Amino acid sequence: MRRELPSLLHVLPLPWTLPLLRGVSKFRGPLHPETGSVWQAAYWGTIGFLVNTDLVNPVPRSWKDLLNPAYKGLIEYLDPRATGTGVSTIEAASLAMSGDPYNYKAGVDFFKKLHDMGLVGSVDPLVTVAKFQRGETGILINFDYNLLKWKEDNPQIPSVVIIPEDGTISSGYAVVMAKNAVHPWTARLFLEYLLCGEGQILYAKAYVHPMNPTVKLPREILEKFPPAEAYESAVFTDYDKEAAIVSELQDYYSKAIGGG
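Using numbering that gives the first Met the number 0, the first residue of the sequence shown is number 0, and each one after it goes up by one.
Worth flagging that the hints you see were computed from the coordinates, not collected in a lab.
None of the values given here were measured: they were computed from a predicted structure.
Some clues are possibly wrong.
Okay, derived cross-link-like pairs now, DSSO-like style, lysine-lysine, Cα gap no bigger than 27 Å in a straight line [unchecked claim]: (1) K112 <-> K130; (2) K104 <-> K63; (3) K111 <-> K63; (4) K150 <-> K130; (5) K104 <-> K254; (6) K223 <-> K150; (7) K240 <-> K254; (8) K204 <-> K111; (9) K112 <-> K240; (10) K63 <-> K150.
Please model the entire structure based on the sequences and the hints provided.
Listed below in structure tokens is the structure:
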């Protein structure tokens, strides 16, 4: 296997920790600070819209575009009280509305306006594409890797994946190695594979973005993603700031929008 980075076998100190890859500090953080162990994100995604172009005209290009009476009952998103994706969705809207993803009231107030206008057809506690497949949802909000996969899996539905122009959130997804793993060296080798070239390319085939900045994706994979400039509006999650406001965000959502 070609290695773009030094072997992780040589950079994993005791006690067992995950690798700290240069240039991706935004995608790692403390797991148990007292032992020095950390988590490391293996890939990342960005909040966007999957739009059924038969049902939705014009196609929204931004969060503010969603405030269109023509979209009555067509918008679907995940509940921020039940899912991390829902929290990221509120943060993305907060960024677009106020310039600060952690100014959660701006994002919740935006979604309240969508509800008050009758534009929201569904708020879900679990990830689902069923209503989009049935034609009940015209604008489905989720991470781009899900949206791109759902678009591919449902070629009978004319659709487009949109990364909102007025701001959105990108977030990583963590892997960890158990301190008392039965086969720690096997775990290390697996992480090396996962975080270097071949493993990262396998991730990209499923529409997630590699977190290793040295990995070069084949053109045929890159062409399946939105263009790189579409992601210029994205801000990566600050997990400390998110942790500090998530409970307040969920409480404010319950009071402002309710349900569940």
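Worksheet item: Between K112 and K240, does the CA-CA distance stay at or below 27 Å?
Response: Status holds; Cα separation ~25 Å.
Are the Cα positions of K223 and K150 separated by 27 Å at most? Holds, because 11 Å separates the two Cα atoms, which is no more than 27 Å.
Original post:
Are the Cα positions of K112 and K130 separated by 27 Å at most?
Top reply: holds (22 Å)
Pair hint outcome, K204 versus K111 [Cα-Cα no greater than 27 Å]: violated (36 Å)
| Is the straight-line distance between the alpha-carbon of K104 and that of K63 27 Å or less? | holds (16 Å)
Q | Satisfaction of hint between K63 and K111, Cα-Cα up to 27 Å | A | Holds. K111 to K63 sits at ~13 Å (cutoff 27 Å).
Next item on the list: Sort out whether K130 lies within 27 Å of K150, counting only the CA atoms.
Entry: Status holds; Cα separation ~13 Å.
Exercise. Quickly compare the C-alpha distance for K63 and K150 to 27 Å and report which way the hint goes.
Key: holds (23 Å)
Item to complete: Quickly compare the C-alpha distance for K104 and K254 to 27 Å and report which way the hint goes.
Response: holds (11 Å)
K240 and K254 were given as a pair; does the straight-line alpha-carbon distance stay at or below 27 Å? Roughly 22 Å separates the two Cα atoms, so the pair holds.
Violation of the numbered hints given earlier is confined to hint 8; every other hint is satisfied by the structure.
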